[in-house]
Each structure stands twice: as structure tokens, then as C-alpha cells.
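Enquirer: Turn these sequences into a full structure, and let the hints guide you.
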Amino acid sequence: MRRQRLDQISWEDFQKLPLSKKGPYFLQSDGQPYHVLIAQQFDRASLDHLCHLATRIRRIAKSKQGMEFLAGLLPHKRAMLDFSQPSSRTFLSFYAACQILGLKVAEVRDPATSSEMKGESREDSVRTFSSYFDMIIMRTPLQGFAEKMAWLLSNTERPIPIINAGSGKDQHPTQALLDIYTLQRSFEKMNGIEGKTIVFVGDLARGRTVRSLSYLLTKYPNVTQYFVAPEKLQIQQDVLDQLDAAGVTYHVTQDFEAVLPVADAIYMTRIQDEWDEDGESQRVDISKYYFKAEHLAQIKFSTIIMHPLPRRQEIAAAVDHDPRAMYWRQMRNGMWVRSALIASIFDRHEEIDAYYQRYLK
Amino acid sequence: MRRQRLDQISWEDFQKLPLSKKGPYFLQSDGQPYHVLIAQQFDRASLDHLCHLATRIRRIAKSKQGMEFLAGLLPHKRAMLDFSQPSSRTFLSFYAACQILGLKVAEVRDPATSSEMKGESREDSVRTFSSYFDMIIMRTPLQGFAEKMAWLLSNTERPIPIINAGSGKDQHPTQALLDIYTLQRSFEKMNGIEGKTIVFVGDLARGRTVRSLSYLLTKYPNVTQYFVAPEKLQIQQDVLDQLDAAGVTYHVTQDFEAVLPVADAIYMTRIQDEWDEDGESQRVDISKYYFKAEHLAQIKFSTIIMHPLPRRQEIAAAVDHDPRAMYWRQMRNGMWVRSALIASIFDRHEEIDAYYQRYLK
Amino acid sequence: MRRQRLDQISWEDFQKLPLSKKGPYFLQSDGQPYHVLIAQQFDRASLDHLCHLATRIRRIAKSKQGMEFLAGLLPHKRAMLDFSQPSSRTFLSFYAACQILGLKVAEVRDPATSSEMKGESREDSVRTFSSYFDMIIMRTPLQGFAEKMAWLLSNTERPIPIINAGSGKDQHPTQALLDIYTLQRSFEKMNGIEGKTIVFVGDLARGRTVRSLSYLLTKYPNVTQYFVAPEKLQIQQDVLDQLDAAGVTYHVTQDFEAVLPVADAIYMTRIQDEWDEDGESQRVDISKYYFKAEHLAQIKFSTIIMHPLPRRQEIAAAVDHDPRAMYWRQMRNGMWVRSALIASIFDRHEEIDAYYQRYLK
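Chains as they are written, first to last, in my numbering: chain A, 1334 to 1694; chain B, 1334 to 1694; chain C, 1334 to 1694.
FYI, nobody ran anything at the bench for these hints, they're computed from the structure. Incorrect hints may have been included.
Capping the alpha-carbon separation at 25 Å, the derived lysine-lysine pairs in DSS-like fashion look like this [said to hold, decoys possible]: (1) C:Lys1397 - A:Lys1625; (2) B:Lys1625 - A:Lys1481; (3) A:Lys1397 - C:Lys1397; (4) C:Lys1397 - B:Lys1397; (5) B:Lys1397 - A:Lys1397; (6) C:Lys1397 - B:Lys1481.
Since we're looking at a predicted model, the values are computed, not measured.
Expert: Structural data, given as C-alpha cells:
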């Protein structure tokens, strides 16, 4: 992708662009990400680069000396975590990622403690954060808001990077990145993600992680995707259109057990009933789509079980102890991918590579 | 000013002192501030010193090396931000200022998470903070509370500095200091603040920033002050008495547009309806006192537009892009002034000067 | 005590153990604490070691150089403070202790900002924290929960230490440790805690600090314990059984004033009405058990007055200025003991001793 400048396009024109054309506006001139807003801004090369960097950071972090090196990368930067929606994992893993790289962190989690009570617009609030901090990591229920802020700040004297940590129902790009990293890491000695069969299960209609991950998987040749869900929660047509356009093989089915033996990765998801309009989730029997202890016998020895967490009953606690249960490691991978992302944004990847070459190779 | 000792006066005697006599009790023996509680504790020399230091910190902070120097100044100190009233800007800029200087920070923002639920007095809570931290930055709705705490702690075995980050309707001294710094910086090449015309607009009856700034401006010769507000929100007589006593020229008027051409700085303010007793603000038509896009044509090329923020409709968003709109920079100046203040309290100004002389001159 | 392995016992078997047999499961192989969960895991040698280390840290912390040394001990570690119950002192002193040792800190105080709203189990939440952090400091209303989590994490790929910062009505071990440190420090030149008379006053039925401290005092020879309380709030029989078993002399009485002259330490406590079932506390006249200014004349010159704080009216504010009022120092001691504990958990005690020998002896 070749970078386009966000301060040289009007908001109206920018908004009209398809996702695939927005990506270049979020890059630095050397192709590294500046803003991280949508899964569509990542191509195969940038995914490979990110996974590679995440692994190096993870290995460097194993020693005290390595941790001290990492903490020396960005001690002069401050990040604001602006989370107006509840979150544990995303919040804490970004928090930890910042701490690993030495960034100083401040947070706003409860709007009641902020000036918004005095009638300030969200735009002014974000501009306030940009006055005191060098990066904003933002979770918001408002679709498109992070993009709007990225555009707005790029047109001020003090542009700073924005990372989308989940915006409404549409995007949660860093979740998709950590999922890719988990797949890549799990299949490292099996020729990587190429040619694998990935099975999505659960609330596919509303889970934004599935949408984004399904898209990123199109960057890897010969991946087959299965969508397993009750009819009302099945994957939306626009995602399938995307796969058609990319020439990807996929299957839409309600038969969970039939798919188990062919899966290389099973991606379980939770009912997203926080988006319910009138309790419709309760009228769907999701229990047929639970991964139970007995299913362990039906999957391959090398199959991995993933889940973005939090879970409810989708995966039995008994599954946790099986080595194929990858969701806890997947969660921790989020910390490494987010560290890699932030290091890239602030151009520290070369320093990390140099340290790795010198001390760990 | 010559320092007086807060542990050698009773609370009753201290309380009776006029503001002008309280200042010396908040100083260190070398004249640097120890507590920062009221605008009246600053004289012209200390304002000049503070602006000078803020500029040096701001310039040093431009490089990674400079940031590392600054973060090495106070890594052995811990600050408590005790904010029992909502705030974004003040909170975050203090937070950032502490981080810049390497201070470690803890915060209490929501009284529900603290022990006050168990019936502890506010005095005991503050004394608790003083046991674990080296400075308290305090925002409270209780008038005079920060002063009381400063007196109380000065009479314990563990006195620590207190900074008033806004107390009730009366004082918000660091806001006034950042306003002074913004004026000084904006008029740096125009002979400074001396001789300028400063116009205050909006809710002048209840805005504590206006009260404090109006006072500090008396330290600069030949400044003219205008107070532009609807009758019910006009500046209070005690402020005017202060100006009379200082021999300062001022005008009280309701005619906003007439004043525009003569202003060097226009200080817009928000309706402070959080202090309303029965919704009286809604009965006042404040819209005549809004700064609209068309007003840009009526002010001088060199006039600056200020606002303590948050704003509502007092300034049209279209004004933001005009170079004379100074409120975003004003906000960021708060971070530098607060850094300078904290550096002074902990006697780090000489180290900063030495670094500046060596690397940036 | 000889260490036992928590990953080699089932939860069911572990749960059935008496407190005295649980302690060894919380140790490291060299006898240092790994988890800190119950007062019963400390024997006399470990108490002496901890007090000794706390004093060294406290002395080292007096200089900037010393603080920088301390902050260099654990900069590669991150701690999570998971406080689902309100707290000021415990929270802030742990926070400060982490900062002193250079640990990076994150916090969850308000469950509404976390993923628990999405129906995640507490177990999964804690496992999440363990993915991103290197230690969990946990306060919870759920009796036994911290132990359960310690067991659970010890049986994962990523065990990390857990410190119990107060769990339900049963345990608050670090409070008992800071009380021991306060007594030891106060009586340092009077042959230590041995042979002293300790008087507990107030709500002894529900104060978990009294339970734990009473137990730890059995580790010191010839200590006499008094329990002074109205009948309904008297110490529970199981505590007295413990003292009987240890052969400790004790007295149970309602006569506060009679005990004053013989006390070496008077440990005042607050009515714990947050545990009331139907307002029963209000039917008890506790005012006879207040320490009033006139009582200062009835105690020995060397008697110390303690209180775990927060207080209400149990101790008159006028007592604060008496040198025998030890509760503020007691509170600050919490920070030093908690620092010592964390340093021990992460095996930094030898480095601290070495620094102390070199620079402060």
C-alpha cells in the first residue's frame, strides 16, 4: 500500500471511501501503521512483519535485561487509554503493552469522572487528550468515531496516532491481529496459516472479531472457512461477498459436530446479547454450539481451540487443561501483538531487531 | 514576600488573615512555593520565574534525551491526585506533568472506592494520603479545604506540599498561572503583558478563573481589563474593589461587539450552571456573548482568543482553525506550567536551568 | 516450615486442611513466601525476617540514591491490584510499595468497568489478570476466594503469586504483619514484643485484624492479651481456643478503664457495621470503649495506641498529637512491610541486604 495523507482529504470524501481504500490513509510514509483503525489497513506483508516483531518482543521479554531494554524504548512517550465501554482484556493488555515499552499511561474509564458532565463534546474531549498525550487508545460504542477523531487530529497542529480498541459493532482490529498471530504461532511448524481450515462458531452475526479475522484470512492462500451458527446468528452476507470477491472457499452450516474432524482451528464465540434489541438472543438455542469435553475426542491432534474471551458456557471448563485449548495463550498473545504495534507506530522495530540479533540469535 | 511558618500560627488566626497576608505561609525559605493554594501567593517575580521555567521545560521536552533528563528529576517522589470533583483537563495535565518529571502517580477519583464509605473524616483521609505520598494535588468542592489540610499537615511529623487544583467557587490558582503563561508567551515579542487590553466575557460572577486571573494581571503595569457579561452574571464588586485598590483601569459593559476591536486578548468563559441554585442560568440569554466566526473579522490581527475549556457554544467550532484561537495551546500550556510548579516545589529549577544552558542555548 | 506444592494436591483435599497446615503450600522452596494468604503461614523466623527487611527498606528509602536503587529492583515486573471492595489505606499502601520497588501497577477497582458485566466468571477474570501481570494483589468480599485462585493459578502454565489484601470476614494477613512490625519497632529498645501486654478494644467479634494479630502474637513468649468489648462484640471462642492451645495468658472483660494502666499497647478498633445483618450495631453502646483525651493520663509513658484505621469516634482527635499515638506511623509502616513482602516474594531481599551493608551500616 502507498500512503495517502489524511490532512489532504475532506471528511466527507474520506467517509465515502470503501474500507479497502481507507487503509493507505492510516500509514506512515515508510509503510508502518500510524493510526490503527480497521483490519483492512493490513496486507500480508504488514501482518508478517507484525507477527515477526511480536515474537521478538516476546522472547526479549523473558529476561530482566531484555525487559529493561524494552522499557527504554518509549519512556519519553505517554499514552491515553480512553475506554468509554467496559473492557478487561483489551484494556489490560494495552496497558501492559505500554508498560512493557516504557510508555507512561493514563486512563479515562468512567465518563462520570470527566468533564463531559459539563457538556463538552466528545470531539473536544479527544482533542484534550491529544494535548497532553502522544497516542490515544480508544474504545467506544460509536461506530466510526475513532476514524473521525483520527481525521480531525490529523488536521490540527498536534496530530497523534489513534488505535481503535473496539468501536461499536464494526471493528476491533487489534483483536483480529492477535488472532492472526495466534494462528501463525500455533501453525509455525506446519507451514503457517496457508491451506488451513478455520471454523467459526457461535454468534457470527454480531461478533466483530469474526468479521475482521475472516477478512484477514483472505491474505493467506488456500484457507477454507466454515461458519457454524444457528440461522438467526449466521454470518452476514457482506462478509461472504468479501470472500467471494477474494475467491475463498467457505461453507455455511448449522452442523457443528460434522465440522469438528476437519477443523485446524475452531474459533468459538460468545452470544453478544449486549447488542440485543429486545432479548432476541434468549429465543435461540445456542447450546448445540457449545464445545464440550467430549468433543476433544472428535478433533485432530493438532487442532487448536480459540475464543476471544470472555466466555460463558461456550467452552466447558474441563477443556481448559487440554493442550489444544489455545484461548489463554491467545489472550496473552494480545499483549505481544499490541506491543509490536505500538513499537511499529513509534518506529522502534529496527532497534528491537538489532537487540534481538545481538543478544538472542 | 518573606516566608512565614504555617506551624507557628493557629488555624483560627490563620483563617482570619486576608488573602494577601496568607501567601507568605505557603512559601519555602528560599521563596519558592511549597504549597500552591491561592493566586495571591504569587508576585511578579515568582510569575516571571515560573513562565521562564515552563518555557525551558517545554523546550527540553522536545527530544528523547531531554525527556529522559526530565524524568530523572523526581523518580524518587510519589504524588497523589485526590479529585473528588469531576475534571478532565486539570486532572490529565497534572498527571502528565508528574509523568514528565518522573514522579510516580496514584489517584483517587471516585469516593465510592475509598474508605470514606466507612465513615472516615476527610481530614483523616488526607492524612492517609500524606503517609504514602510526597505531594497531594487536590480538587474539592469544599471552599478552604485545601488550605485547612495544608495547615494541618504542616503541624504533623510528615508535612508535604499541597496543590489546590480547584476548590469550590473560590480558587483555581494553577488555571490562573497557565493563563498568565499563555498571555506572556503569546505577547513575548510584543513587550509582554504590560499595556495590553484583556477582555473577559461570559459568566464572570461565578467563574473562579476570571477572579484569579484578573488579580494576577494587576502585577503587570498598564493593563486594561474589560468585563463583558449580562447583568446577572457580571463580575462581583470585590474583584472591582481589588482593581480600584491597585489603581487598574477597567470597564464593565454588556456590549460585546463594541469591545472586540480594542481587545488584545479575549477570554471567553462558560456558564457555570453546576453552581445554579434553581436553574437561574436558563433565564439568561447568553447567546449575545458567543464568539462567532464573523467576529474574527472584527478583532485585530494580533488578538488572541482564550478559553479555560470545556466549552459549549461560547466559541464556534469554525473559529478553531484560526491562528488567533489560542485555547488549545492554552490548555497544553497548563501541562508546562504545572511541570514548572512541581519542579519548583521540589527544588529542581536549578538543575533544569543548568541542563538548558548546557544543551539548548 | 517446609514447603508443600500446591500443584500436587486437589482443591478438595486442600480445602479440608486446617489453617495451620495450609501455610507450607504458600511458600517458595527457600522458605520465602510465594503467595501471601493467611496469617498462619508466618512463623517467628519469617516475622523477624520481614520486620528486619522492612526496616532496611525504610532506611534506604531516605535518600534519592536509595530510592533509585529500590526502584531498580523490580522494573521488569507488573502487578495487578484487583480491589472489588472499597479500600483506601490498603490499596494505596500496596500501590506505593509497588512504586517504591519499581513494579509497574495496574488496577481494577470498579467491576462495572470490567468484562464481568458480560457474564464472565470471577475465575476467568483472575486468570486474565495472570496473563498480563506478574502478581495479583486482591481484595474481595468472598471468603476463601484468594486461596482458590492461588490453587487454580498454581495448576496452570502461568502460576503467579497472589497477595490477599483482605478477604471477607476471615483474613487480612498484611494488616496483621504491619501491626506486628509496629509493635516490634515501638518496643525495639524494650526487648521487643516478648512479655508485653496487648489490649484489644472495640468490635472484636468481627474485626479480622484482631483475629490475625492475636494469632501472630502467640509466636512471641509471655505476651498477655486482653479483650475489651461489649458482650455482643466480644472476641469469638475459636480465637480463645487458639490461645488456650498455645498456652497464652488472656483476659476477657468489659471494663476498659481498669485495663488502661497495665497495657503496653492498646489496639482500638472500629464498629464493623458493614457486616451488620439488621443494624444490630446501633443497639450497642460502644461509647464506653472510646479512647478519650483524659485516658492519656491513665496509661504508661511507654504505652502505644494503635488503630488499623479508618476511625470514627473511637479515638478523640485530641489524642493525635500525643507521641504515644502510633496509628499514623502504624499506617505508614504498612507501606514498608508490604514493600518487604513483595521484595521477598520476588527474591530481592539479598540485594537489599547487600546494599544496606554497603551504604548504610
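Enquirer: Indicate, hint by hint, whether the structure satisfies it.
Expert: The hints, checked one at a time:
1. A threshold of 25 Å between alpha carbons decides the hint, and for C:Lys1397 with A:Lys1625 the separation of about 57 Å lies outside it, so the pair is violated.
2. Restraint check: the Cα-Cα separation between B:Lys1625 and A:Lys1481 comes to about 24 Å, which is no more than 25 Å; the hinted pair holds.
3. Restraint check for A:Lys1397 and C:Lys1397: satisfied, since their Cα atoms lie roughly 23 Å apart, inside the 25 Å limit.
4. For the suggested pair C:Lys1397 and B:Lys1397, the alpha carbons sit about 23 Å apart, so the restraint of at most 25 Å is met.
5. At most 25 Å may separate the alpha-carbon atoms for a hinted pair to count; B:Lys1397 and A:Lys1397 meet this at roughly 23 Å.
6. Proposed proximity of C:Lys1397 and B:Lys1481 is contradicted: the alpha carbons are some 30 Å apart, above 25 Å.
Violation of the numbered hints given earlier is confined to hints 1 and 6; the remaining hints are satisfied by the structure.
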